[in-house]
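What follows is the residue order along each chain.
Protein chains: 2
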Amino acid sequence: MNFKINEAIELLERTPETLSHLLVGLSPGWLTCNEGDNTWNVLEVVTHLIEGEKVNWIPRINIILTKGASYTFPPFDRFSHLKNKEEKNIEQLLLEFKQCREESLLTLKNKLKTITDFEQTALHPEFGPVRLRELLSTWAVHDLTHITQITRIMAKRYKEDVGPWKNYLGILK
Amino acid sequence: MNFKINEAIELLERTPETLSHLLVGLSPGWLTCNEGDNTWNVLEVVTHLIEGEKVNWIPRINIILTKGASYTFPPFDRFSHLKNKEEKNIEQLLLEFKQCREESLLTLKNKLKTITDFEQTALHPEFGPVRLRELLSTWAVHDLTHITQITRIMAKRYKEDVGPWKNYLGILK
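Protein chains in written order, with this note's numbering: chain S, 1 to 173; chain P, 174 to 346.
Bound-form chain S, shown alone (with noise of 0.2 Å):
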C-alpha cells in the first residue's frame, strides 16, 4: 500500500491549475474534439470533474464518516453532467472546478483534524464494503484518469496528421 493522505492531497491541489495550464486559451478545435460517438470533449470532461466535486467525492467520505459501515452510498450517475447542460466556456468551468475543489479540500483538512481510521467502511452499491482510504486514493487517481483522458481526446485530433509516426504513438491506438 502507497497511500498517505498527504500525499493523495497534494495530487488533488494541483489538478485545477494543471488543467488550466494545459487547456485555457487554446483554440476551439482541441476543446470541442472527441473520440468518436457516445465519448467527451474536453469540456465535458471537465464538467464532470465538477460534478464529482458536487455530489460524489466529499459526500462519500461524509457518509463513511456519520453513517458507517451499513449504509449505502446512493449511486454516482457519472453521466449526469450530459443532461441539461448549460454552455460554459472553458475558462468559466475550469474556474468553477478549481472553486469547488478548493471547498472539498478544505472540508477534507477540516475532517482529518478528527478522523483516526482510514480502514472504516460503507457500502458501496456494487462493490460492497469499501474503505476511507480507498475512496481517498480513488478521488486521487480519479483526477490523474481524466487528464490522461484529455491528453489523448487532444492527441487523437492529429490521428491522421501525424502520418507514419503514428505506429510510434501508442495515445492513438
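Please keep in mind that the hints were generated in silico from the structure rather than gathered at the bench. All residues carry an ideal CB built from backbone N, CA and C; glycine is no exception. Treat the hints with care, since some could be wrong.
Partial selection, computed: residues in chain P whose CB lies under 8 Å from chain S [what the hints assert, rightly or not]:
no., residue
1, Lys-284
2, Thr-287
3, Phe-300
4, Leu-317
5, Ala-328
6, Val-335
7, Gly-336
Mind docking chain P on chain S? Use the hints.
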C-alpha cells in the same frame, strides 16, 4: 487533416508550465515510482523531453528545410537519456525543459516567416519520406503522449490502494 501550425504551437507552448504545475513540489514517491522493470519514472520522462528538444525536433525540421527530400534523418536514440544520467531534481529538469522549449519555439517561429510548403519532406530511417507537417504534428502529439505517460505512472502507484474501484479505472490496467 486537422493540422494547423498555430494550433500545434499552442500545445507546444503549454507543456512545460502544465508539467510544472502538476509535478513541482510533489513528494519523492510520486516522482521516482515507475510501472515496473525497464519502465521510466517521471524524472526520466522529463529528461527524455529535454533530449528531444536538443537532438530531435528542431534538428529534423532543419534537415527538411535545408537538405531536402533525399536526405535521411540520423536516428533518434529514444533511450539516450538513460545513459550518463546526471542527478537533477524535478525543478531543475523542468526549468531546463522550459528553456529548451522556449528556444525551440523561437527558432521555429523565425523559420515560419519563410516556410510556405508544409508538404516538403526528408527521409526517416524507418518510414521513408515524411512531411514537415507530419513532423510538427508528431511533436505536439509526443508532448501529449508523455503527459499521459506521467499521469499513468503516478496513477499506478495507487493500483492496489483504490481497492475495488480498480475495475472502474482503465488507467490502472
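Here's how the hints hold up against the structure:
Evaluation of the Lys-284(P) hint against chain S yields a violated restraint, the C-beta minimum of about 19 Å exceeding 8 Å. Given the 8 Å rule on beta carbons, the hint for Thr-287(P) is violated: about 22 Å separates it from the nearest Cβ of chain S. Checking Phe-300(P) against chain S: minimum C-beta separation of about 4 Å stays under 8 Å; hint holds. Hint status for Leu-317(P) relative to chain S: holds, with the closest Cβ pair at about 4 Å, below 8 Å.
Nearest Cβ of chain S to the Cβ of Ala-328(P): about 4 Å, under the 8 Å cut. The hint holds. Against a cut-off of 8 Å between C-beta atoms, the interface hint on Val-335(P) holds, since the closest Cβ of chain S lies about 5 Å away. At a threshold of 8 Å, the smallest CB-CB gap from Gly-336(P) to chain S is about 3 Å, leaving the interface hint in force.
Checked against the numbered hints given earlier, the structure breaks hints 1 and 2 and satisfies all the rest.
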